[in-house]
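> Fit chain G to the given chain W structure using the hints.
Protein sequence lines correspond, in order, to chains W and G.
Terminal number for the first sequence in the working numbering: 512, no gaps in between.
Terminal number for the second sequence in the working numbering: 512, no gaps in between.
Worth flagging that the hints you see were computed from the coordinates, not collected in a lab.
Please note: incorrect hints may appear among the correct ones.
[Stated by the list, open to error] Pairs of lysine-lysine, DSSO-like flavour, derived with a Cα cap of 30 Å:
#1 Lys259/G - Lys208/G
#2 Lys284/W - Lys208/W
#3 Lys288/W - Lys322/G
#4 Lys168/W - Lys145/W
#5 Lys376/G - Lys507/W
#6 Lys263/G - Lys122/W
#7 Lys259/G - Lys208/W
#8 Lys168/G - Lys185/G
#9 Lys220/G - Lys220/W
#10 Lys116/G - Lys269/W
This structure is a prediction, so every number in the text was calculated from the model and none was measured.
Number of protein chains: 2
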Amino acid sequence: IAEQKNAELQTMLSEFHYADIAEIADELEVEEATYLIKLLDSEKTSDILAEMHEDIREAVLGNLTAKEIASELEELDTDDAADIINELPKEIIQEVISEIEDREHAKHIVDLLRYDEDTAGGLMAKELVKVNENWNVLTCVKEMRSQAENVTRVHSIYVVDDEGLLKGRLSLKDLLTTSTKTNIKDVYIPKVDSVNVNENAEEVAKIMSKYDLEAIPVVDEIGRLVGRITIDDIVDVIREEADKDYQMAAGISREVEADDSVWEITRARLPWLLIGTFGGLGAASIITSFQPLMNDYKILLSFVPLVQATAGNVGVQSSAIMVQGLANDTVKGEVAARLIKEFLIGLTNGGAIASIVLLVSHFMFNTPYLVSFTIGIAIILVIIVAAIIGTFIPVFLDKRGIDPAIATGPFITTSNDIFGILIYFTIAKLILGV
Amino acid sequence: IAEQKNAELQTMLSEFHYADIAEIADELEVEEATYLIKLLDSEKTSDILAEMHEDIREAVLGNLTAKEIASELEELDTDDAADIINELPKEIIQEVISEIEDREHAKHIVDLLRYDEDTAGGLMAKELVKVNENWNVLTCVKEMRSQAENVTRVHSIYVVDDEGLLKGRLSLKDLLTTSTKTNIKDVYIPKVDSVNVNENAEEVAKIMSKYDLEAIPVVDEIGRLVGRITIDDIVDVIREEADKDYQMAAGISREVEADDSVWEITRARLPWLLIGTFGGLGAASIITSFQPLMNDYKILLSFVPLVQATAGNVGVQSSAIMVQGLANDTVKGEVAARLIKEFLIGLTNGGAIASIVLLVSHFMFNTPYLVSFTIGIAIILVIIVAAIIGTFIPVFLDKRGIDPAIATGPFITTSNDIFGILIYFTIAKLILGV
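Excised from the complex, chain W in its bound form (with noise of 0.2 Å):
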């Protein structure tokens, strides 16, 4: 495709929306991405490159000098300037820096660098419109129009003080209707929605979406306005939350995608399956342990993968809808009123495995009365545990501070499959009294 035609790409592109051109950049091989991103101004490229995929992208940058790094990120809005220099090897950043034309941004950027990428400052931007109290309406609306050149869209005006302390917001309506002469400081408004620098990125989402805002003020330890952060890169930390969380339960410890190499994914997955495996061999030698039983009663083992199959089930629900409800916030009440409810749950739903289990076994596998019986008695018991497990442990990492998704998929998996079948065996063992 990219072969000679320069006029005609550009003209073609020119009618792109800048992520559909990002889209096609990450299909296309380096080099043909670069000289995708070489033949573009860089108004254009500057977008397309932070919609590219990361691995692109750093590929791409890669064959570009600093001064032409540079130039793009001049383009761009200050967090997506910073999420990109962080991605470059260390040497260069310098010197990325360093070639960038307008100092105020570099100074924003660098600023913006220092900020863990999982808290509010690691969201934020710097472009923003602010007055001062002390100015009047005249002084406030010329230097709102020198500010607004860099703000690509207007969300809200905000109000500080001499010592730059965010004190409210001040509605475009009202700039607009009062004379000229009117000092900020009697018309703004001083209730305004703000979030710590060092507040955490999902709690951020949690409050921008509860309080539906399209934008939220960023202040510093001491109260000083810093940055705002805006609805859209909510959305995206929304989006990877989410897609932690599902990967997480599914046993995935690092994040990969469906594209990444053989070696990566295995990376991602092997330590999970190592634990799995443990507990298997764990399992092993309770089984072994349990060698006279299973001479009497061979049956037994057959359902050992019923057994397991349950407790795993049964913890994965229990654990999956705490760790929502933690995640939701509409986890309330005693711990010991939510474990009383899962021994409920686990006793119906226990009971009706049980059931039909017990019929199953008898009619269709001619296994004594006692035997189905104590197959019985040991599936609602198993499921009663897993249950309690599974509301238990997310509960208490949450406590503890660790994240409660951990503890959903093969973690939970695993601890069940042992107690399952040792709570199984036990049961077995001292009704049938082997």
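Structure of chain G alone, referenced to chain W:
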């Protein structure tokens, strides 16, 4: 709390954000919440109602007259009003709508009722600012001013022709900088993204987040502008979608929350548990059918939990990666290439796990060399097959137009349990020759 001190309560609550009051109301008894709603003025209460938990809102609305409900709805945007009406019992809907005084508002709400919740039509609101391309700037500004009264936040000004067909959008800046006699036709931007009213909600979310849009116009089948969707509604769609996928992966078949009743949670959980139960019974009959093998090599049975856990874990991992890849459109290329890749990943993971199992079983469980070898080979094969099934099923479902998310969780675990055990014993039979 809510006893007598009305005045105090009123002043106290007037300081609060409606989303916070909604949270408080969710905690109260229905009568108390109703009391609270009646106490405050309807501008605030309507927002509180929109933010409240569905079940509690339903109960509170049950305590209000049709006239009271109508006056609440009058204060809300059409999309939120339509959502609330949809929850009311059928007999009351008619009455409530007839009580809405603003007939235009009532008409809009009725229009919205006919769209499916999960489409662009179900998400959109009628509140938007639209101008005719044949107007001049002066008429346009006048019209806009009156339209903007009903719109909380103006995101964009949409341009339509005499037939109501969406033609483009207008930038506020252009509008203010051109002479008042200019025709809109000559200044509007003819390029605007829009979605069809029947478009799937998830698809709308993808488009809006891909192009970083804060609002998108919705057109009907022939291109007439019928509404607009804002980013805050999309945030909810993304969250719900993620929650649904997560619950499906955990084997929960209906939307439940940690605070629902025992009966509701049981109903959501039992179906998948039953599938697991039947899978377990299937596994039991497979094991029983290998009776002669069992008699000679009892130790093989001890490793059943290991085989089963590994098959389940691998299947869930593979399917989760595919489901996520399909959801994010990052899955490209041939299915065959993908299956070969899973084969390789299975081989590396399988090799690692099999060697551990081989060593442990040989030295700790004192199994004969040939039996350890059998277990190792079987595990590699089980992992490869589980990985391929986990990858193939989501792709297959997706091609058939079924949500691939259903393939994760108990579904994949159960089928992999059965296949895993079958492969394990078949390999053992072949190698050990019983």
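> Taking the hints in turn, state whether each one holds.
Going down the list of hints, with the structure as the test:
no.	hint	in the structure
1	Lys259/G - Lys208/G	holds (18 Å)
2	Lys284/W - Lys208/W	holds (25 Å)
3	Lys288/W - Lys322/G	holds (19 Å)
4	Lys168/W - Lys145/W	holds (16 Å)
5	Lys376/G - Lys507/W	holds (19 Å)
6	Lys263/G - Lys122/W	holds (27 Å)
7	Lys259/G - Lys208/W	violated (34 Å)
8	Lys168/G - Lys185/G	holds (17 Å)
9	Lys220/G - Lys220/W	holds (26 Å)
10	Lys116/G - Lys269/W	holds (26 Å)
Violated hint for the displayed structure: number 7, the only one.
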